[in-house]
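Assemble the complex: chain A is given as a structure, and chain B must be docked to it using the hints.
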Amino acid sequence: MALRTILRAPAAVRPLLIQPRALYHSYEHNEPPPYRDAESAILSSALAHVPLHGFTEEALSLGAKEAGYLDISSNLFPKGAFDLVTYHLVTQRLGLKDRIQFHDEKIGVGRKVRSLVLERLRANVDAGVVGRWQEALALMSLGENIPRSLKELSGLSDEIWFLAGDMSVDTSWYTKRATLAGIYAATEIYQTTDQSTEFRDTEQFLDRRLEESRVAGSAVGNTLEWIGFQGGAMVNLMRSKGARI
Amino acid sequence: MASLLPRATKRLRLSPPSGFVCHDCRRAFGSSVCQSQQQQPAPSQHVSQSEKTTHFGFETVAEELKASRVRTVFSSVAANYDTMNDLMSLGIHRLWKDHFVRSLNPGIRPASTASSPQATPGQTILDIAGGTGDIALRLLDHATTINHDPRTNVIISDINPEMLAEGRKRFATSPYYSTSTNRRVSFLEANAEDLSAIVSNSIDLYTVAFGIRNFTHKQVALQEAFRVLKPGGVFACLEFTPRLSNPLMNGIYKRWSFGAIPLIGQVVAADRESYQYLVESIERFPSQSEFAGMIEEAGFMVPGGERGVEGELESGWEDLSLGIAAIHKGVKPVSR
Numbered sequence: 001m002a003l004r005t006i007l008r009a010p011a012a013v014r015p016l017l018i019q020p021r022a023l024y025h026s027y028e029h030n031e032p033p034p035y036r037d038a039e040s041a042i043l044s045s046a047l048a049h050v051p052l053h054g055f056t057e058e059a060l061s062l063g064a065k066e067a068g069y070l071d072i073s074s075n076l077f078p079k080g081a082f083d084l085v086t087y088h089l090v091t092q093r094l095g096l097k098d099r100i101q102f103h104d105e106k107i108g109v110g111r112k113v114r115s116l117v118l119e120r121l122r123a124n125v126d127a128g129v130v131g132r133w134q135e136a137l138a139l140m141s142l143g144e145n146i147p148r149s150l151k152e153l154s155g156l157s158d159e160i161w162f163l164a165g166d167m168s169v170d171t172s173w174y175t176k177r178a179t180l181a182g183i184y185a186a187t188e189i190y191q192t193t194d195q196s197t198e199f200r201d202t203e204q205f206l207d208r209r210l211e212e213s214r215v216a217g218s219a220v221g222n223t224l225e226w227i228g229f230q231g232g233a234m235v236n237l238m239r240s241k242g243a244r245i
Numbered sequence: 001m002a003s004l005l006p007r008a009t010k011r012l013r014l015s016p017p018s019g020f021v022c023h024d025c026r027r028a029f030g031s032s033v034c035q036s037q038q039q040q041p042a043p044s045q046h047v048s049q050s051e052k053t054t055h056f057g058f059e060t061v062a063e064e065l066k067a068s069r070v071r072t073v074f075s076s077v078a079a080n081y082d083t084m085n086d087l088m089s090l091g092i093h094r095l096w097k098d099h100f101v102r103s104l105n106p107g108i109r110p111a112s113t114a115s116s117p118q119a120t121p122g123q124t125i126l127d128i129a130g131g132t133g134d135i136a137l138r139l140l141d142h143a144t145t146i147n148h149d150p151r152t153n154v155i156i157s158d159i160n161p162e163m164l165a166e167g168r169k170r171f172a173t174s175p176y177y178s179t180s181t182n183r184r185v186s187f188l189e190a191n192a193e194d195l196s197a198i199v200s201n202s203i204d205l206y207t208v209a210f211g212i213r214n215f216t217h218k219q220v221a222l223q224e225a226f227r228v229l230k231p232g233g234v235f236a237c238l239e240f241t242p243r244l245s246n247p248l249m250n251g252i253y254k255r256w257s258f259g260a261i262p263l264i265g266q267v268v269a270a271d272r273e274s275y276q277y278l279v280e281s282i283e284r285f286p287s288q289s290e291f292a293g294m295i296e297e298a299g300f301m302v303p304g305g306e307r308g309v310e311g312e313l314e315s316g317w318e319d320l321s322l323g324i325a326a327i328h329k330g331v332k333p334v335s336r
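In the order they appear, the protein sequences are chains A and B. Numbering follows full-length UniProt numbering, in which position 232 of the first sequence is assigned residue number 232; successive positions increment by one, without gaps. Numbering follows full-length UniProt numbering, in which position 96 of the second sequence is assigned residue number 96; successive positions increment by one, without gaps.
I should point out that these hints are in silico values taken from the structure, not numbers from a laboratory. Heads up, a few of these hints could be off.
[To be verified] Which bits of chain B does chain A cover? Going by a derived footprint, with three or more residues having C-beta under 8 Å, they are: (1) 71-77; (2) 100-106; (3) 233-241; (4) 291-305.
[Stated by the list, open to error] Restricting the straight-line Cα-Cα distance to at most 30 Å, the calculated cross-link-like pairs of lysine-lysine (DSSO-like) are: (5) A:Lys79 with B:Lys169; (6) B:Lys218 with A:Lys79; (7) B:Lys230 with B:Lys218; (8) B:Lys97 with A:Lys79.
A quick note: this is a predicted structure, and the numbers were derived from the prediction, not measured. Note that beta-carbon positions come from the ideal geometry of N, C-alpha and C, so glycine has one too.
This is chain B alone, in the form it adopts within the complex:
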């Protein structure tokens, strides 16, 4: 059965009407069927051929439109973003985020401050697409309680003001933002592909959790991350993966994500379209190996990255929950 899929893929590629491909892809959820479509994005009717296009879920839209459409999606989901995350991932997203932050170990370590406790400045962390602030809060908690570093601060950046408003609401009750004397959080409304508000070589840690999938130009965003990071700074990304390595589990998982998530969105948030986009955008994200290659291309050193026989990266990321999500890291090298 599995060996038939490539043949089916070939057949699909020959058939001219694109509408059929799209429909089949939605129904079959078969990974290789969708892959073939990824190679040849079917132009939909409302985009003229001359314009540069990108994908928005399974749709194809003009590049300029994607950012605004992503903004619309997240404006509509902002209010019940956290509740929905809990329902969709059965609460597992909290474990992923906790693990993500713990493995990063943000904050100046006690051993480094032993010689000059007062002189050492804290770290500057940039949390991209971190509107609701759940990663930022975890980062600050870890730095303060684990590493006893009260100086590290976080810049929360998001393209979407509604999501940032959620973050402000969350931080209003936390000790990091409520006191006006020692504010350790700042909010920035910016597109991750153009962080002109941030000076080059100024950031210790750049995190993006479940955000980079929505960027129009991922490579540009990676290069921008490389620019703002200090030499030795770390790029860290927590993101869904398009498919699980185990085909059986992948089938079950795709049933869940395409069947249940839009439904939960419809019932709880009364917004099926946004959640349909969410699962489709996961399908369109590059695989772990491809994305690690993109990080390397931007100039980062990928931790533990080993190349296989065919030259593709075989390791250098960490799969979470059978590979539903993955943590990618990159370290900006110090030039000598």
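Here chain A stands alone, though its shape is the one from the complex:
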């Protein structure tokens, strides 16, 4: 028992490690709702106050009052305003599959990923939080919140690849998710400063990033292939010289 306590991962690291919940998408079992009824009632009405009050304790307590709770009930959220940010992230991630459906089978995975990222960014606009999103990013970058934020980002990246119909079972499973997470984070930051109509600049920014990753990905692939051939050729050369390899 005591040994188990020593070997146990510290509480701060635990969210990064394997969770008891399923890590895969199950078609048979519905995930339990991520928030209790009271929590979603307060948080969803608090989100309505974000455009005016930002991601703050005020928005939370106003939301609590609207949901029939008291000022003090915002204690239900141990991380305060950051819980409001996570609520937005979680609900939008889970809602992504209802926002967009692909009926045309011929669309490539790459194009699907692009539309999914744009749709997710549009959700920020629809929720009216874009003007306040820099506050949310600031909260997410606080040391104590980084593990949770990264987990949510990787969750979103995974969700997008899943919805795009990605079936890869090799190491590219990881590189795809890592690359998309990076691209999404960059595009989201760009979106907060975008002044163009209907966020056209953001769209172009995303296209440039996707193109870059494609070019970089193929460059890396080609280089690896070249190294492989050279290595093989070298081995064969040595063998022809009588080395026992």
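Showing chain B alone in chain A's frame:
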């Protein structure tokens, strides 16, 4: 070494004389040894088997006696309670209490009063076991200076009149009690398990700092808290934990608490017994996970409470100073 402890525990459970267990437990401070004793409280000689018993530190006493014995302890420590707290915790208890109050954020927030500043009544806070008023003073300071809410008031409740007298002394010099027109503090001598003086659904915030450990029936007190709180009201508890999660730090901490604290009590307050009780009662308090479960059982929603694989609560409290103390919260749900 650590893996031997469970075996040692089993051996202890087999041995019939209870006196030996108690002695060993006092000396070893080993957490799992004490745990085994918790499961089977050794009946001491002056309690007959038929009576309902509870623990008073490491002793076992009749339930009716516990309240009066706790009262005696706190009557004797009341006069130098704050000095002793400073010495025992090296002043850290002030940081814990400040953090406790700041995280609660008492007082009506400015954003909620913007529409109708005059009509909004202040909050009613019940500070249980808050005799000397240090939590109450912090609550009022926070509400007044941070949230600019001059209406929030605090009811300080304690079972012990000597502790309440200390509180009156402290508040006599503060602006919250000295003016007779706008008194924001009232004192109530009551047992937390029977708050019949307080109307149901009337309290916004129920705080108990380093008090609930001394209650005879903790679950009854939690249910009483649930009754007096308004729907949406918050139960908040600051309390020591029986053991630290890190076994090495736990060993050091137990050395300090069992070695130094009774000694400080003896030297400064000339009262070793009371402080021996204090550290023993910490040892007997349920662990964070168990206590969070008790809060949930009383009907509260535990903020951030997540269940692990075995169904026990894995989070939902905040550890302070490596887990020497912990903040527990519960929100009374609004029924729809």
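Mind checking, does the stretch 71-77 of chain B have 3 or more residues with a CB under 8 Å from chain A? Result for this restraint: violated, n = 0.
Closer than 8 Å, Cβ to Cβ, for at least three residues: run that test on the stretch 100-106 of chain B against chain A and report holds or violated. holds (count 4)
Has the given pair, B:Lys218 with A:Lys79, been kept, meaning a C-alpha gap of at most 30 Å? Roughly 28 Å separates the two Cα atoms, so the pair holds.
How about the stretch 233-241 of chain B: do at least three of its residues have a C-beta closer than 8 Å to a C-beta of chain A? Three-residue rule met by the stretch 233-241 of chain B, so holds; n is 3.
Regarding the pair B:Lys230 and B:Lys218, is the alpha-carbon distance no greater than 30 Å? Holds: B:Lys230 and B:Lys218 sit about 20 Å apart, inside 30 Å.
Check whether the Cα positions of A:Lys79 and B:Lys169 lie no farther apart than 30 Å. violated, 36 Å
Given pair status - A:Lys79, B:Lys97, alpha carbons within 30 Å: holds, 18 Å
Taking 8 Å as the Cβ threshold, is the statement that the stretch 291-305 of chain B is covered by chain A upheld or broken by the three-residue rule? Answer holds; 3 residues pass the 8 Å Cβ test.
Going down the numbered hints, you'll see the structure goes against 1 and 5, while the others check out.
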